[in-house]
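Novice: From just these sequences and the hints, can you work out the full model?
One letter stands for each residue in the lines below.
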Amino acid sequence: MSGKAVKEQSMVKQKELIQDHYHELSRAPETGRKVIYTFVPGNLTELFRAFDLLPVYPEINALQSAMRQKSTLFINEAERAGHAEDVCTYVKTDIGMLRRGNVGPSGEKLPPPDLLVLSYTGCFTFMKWFELLRQEYDCPVVMLHTPYQGDGKITPSMVRYMVEQMRTEVIPALEKVSGIKYDEDRLKEAMALSESAETDLVAVLESAKHRPSPIDGYFGGVYYIGPIFNAFRGTPEAAEYYRMLRGEVEERMAQGLGPVTPDGLLANEKFRLVVEGPPNWTSFREFWKMFHEEGAVVVASTYTKVGGLYDTGFRHDKEHPLESLAHYCMGCYTNNNLPQRIDLLERYARDYSADGLLVNSVKSCNSFSAGQLLMLREFEKRTGLPGGFIETDLVDARYFSAANVKNRIESYLQMITQKRAPSARAEA
Amino acid sequence: MSLQTLVERAEALYHDIDLRFVAQWKQEHDGKAVGHLPIYVPRELIDAAGMLPVALHGAGDQVEIIRGDAYFQSYICQIPRSVIELALSGRLAALDGFLFPSTCDVIRNLSGMWKVLFPDRYVRYLDVPQNFSVEVGGKFWTEELREIAADLERLGGRKITDSALAESIAKFNDNRRALGELFELRRGEPWRAPAREAYLIIRAGDVMPVEEHTAFVRAYVQAAREADRVKRDHTRVAVTGAFCEQPPLELIETLERAGCYVVWDDFTLGARFIEGDIEVQGDPLDAIARAFLSRSAPNACVFQPQGPRGGWLVETVRRTAAEGVVFAAPSFCDPALLEQPMLEAALDKEGVPHTAFKYAENLGQFQVIREQAGTFSDSLRLWSEA
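Top to bottom, those sequences are chains A and B. Mapping the first sequence onto my numbering, position 73 (from 1) lands on 74, and the numbers just tick up by one. Mapping the second sequence onto my numbering, position 141 (from 1) lands on 149, and the numbers just tick up by one.
The set of hints was computed from the structure by calculation and includes no laboratory data. One should not assume that every hint holds.
In silico lysine-lysine, DSSO-like type, Cα no more than 27 Å apart, as pairs [claimed, not checked]:
1) K177/A with K147/B
2) K14/A with K290/A
3) K154/A with K147/B
4) K71/A with K154/A
5) K154/A with K167/B
6) K210/A with K271/A
Specialist: Below, the structure written as structure tokens:
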């Protein structure tokens, strides 16, 4: 490490954006702004903005609760109320948080939803989650069913189905709750801003192709995706944030600097990894440290694609706004089938000159986890690169065994080192 | 056929994890067979293409999982590892194609795994609509069905004509009626159709051609009605949560031994997923699509646009005069376990007693469940206010 991390301008900007949003949410009962709850994958943020609605993302609240060490308390609360140990801990954290006063990440109380927008993309649990919340809040729910890319493609019928749902169900529900008539021009304006932010985000993520990588595409990546996966896609503020971030990253790249970590700049890149699966949030910094203190940089990750897979070319298209939203939803990472996911990992390994693939398999998320062992095996077969496998959870601290995870990461990195020196192995 | 012969035949099919029956059918009919995972697949289409639909429910406790465990983490349910074990050990060789319905993320991802592991087989994921408008979800589902039908025509080498499909619909309608007769017997006189037997008779439909299974079920109902069986002082229970991965046979038997008459359950729900008849007039694909939209059995995998969940369970309890509900869900089953708190709340509101346990299809110890179910049964029979 080389010294303490310096907060860059984009970090300050992001913090302000998020704080302002939570503050605006907490004031919603006074200001009369209407609030919708929805999910990150397949979110319709530009559309919500066109109705002046304030979105809340329960997954983000759950992970923020974990980073503030509150999720265990909330999970216990939900389990006491009859929720099974086996199921998604995001759901239980959210329900526990609600039952304990619904105080959000900023320390301010979150308003109840006026409408639940069930963007049912790439995760079965989403449906049950909002059925549970509907009963907790006694409020309406509107479903947007995103067909899965079972055959690895998006068909015209799938697009029509999604657009029709938006026209006949989602937009009327948003009009009703907001009292504002649908204005496609407003949506188009937002989508143009989305496109600009998406292009800049891709440039940031792809900067990791450079050696040394100026970013960490997983631990750092989750910060970079923050605004675009949250409430800000399609806003001038988000477009400005990504312009700023891109500038900073390109500057670091020009200077040959490594990623910024919580413990300072990573100056000595030794390993370049692709990571599949979400991070653990309860011990996020400790988890990251296990990588950066070994000189391991994650150059590409799939988790940073759950709210949109932009680096394969998708951009929101203001000329076909609803169709484009449909393509966006269906393109999110976990809505891709297993062969597509394996292809993407293989591509990342090649394009980012990676040393291997590490899977962080989280107990809570079958959408990600079911099939990961086969993905790993296929990856190794196709690339000849070594794969590693660790198990943690999203927000349940009981499933993060630090010593075990550290041990596995170290062993995995040793394996990469050994693979790099075949002559040494032959001599042994 | 005598009652004993019928049950023995069903039991033999239950234990036929190598699908010898399917292989024989294929040989005799020079046909193909298509397997599918739970819950719902429009089996009518497979039948109309001249192929044998085969429901895959895993192998229960009949195989040791060796290869399957290498594909799944410990926190994923048992059925996918069991089905993979069957496939990798060659036991599903008789199947020419596989359909994976949108039951949960695990079965969804299993469809992709199958594409990777078995590239020479026909594999398709079935995304049933979660929008129930005829013009929106209905249109999408009809188009999906049309594509699946085209695939099956190619696989089976036979055109699915409207009249063939209407005929298949009629056969499956009759099958659901026969299953309804069996459920009616269990509701009215549960001692005549013990849960284990009834379960085996229904499971025989996993592999039997539909018309043969219909006759088989009716033969059992008649034989069971005529059999001289003792009515015991058991508690009437409804069992829910077991619609995908199936409980071991011994678990079902254990419930009854513990003093519970199972008067309703959702085991193998796929066989009776559509409630009532599908229309045989008009466009048969439209009819199948409409039936899904408006008459799917209430279950955890289909979105309910309005109202609290669980009304259907309360209604089922009333209709079947069940005295309590047993929640029996497979470990790590997202749909069943996420649904359960909502169902429990609905029962609590109506004062319906319930108990809950989890299982895996290869569970080997039943003593704890026997004690729990026995206590539940006793508490209802001996100490309830009623």
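Novice: Now look at each hint and say whether the structure bears it out.
Specialist: Cross-check of the supplied hints:
no. : hint               : verdict
1   : K177/A with K147/B : holds (25 Å)
2   : K14/A with K290/A  : holds (25 Å)
3   : K154/A with K147/B : holds (19 Å)
4   : K71/A with K154/A  : violated (40 Å)
5   : K154/A with K167/B : holds (26 Å)
6   : K210/A with K271/A : holds (14 Å)
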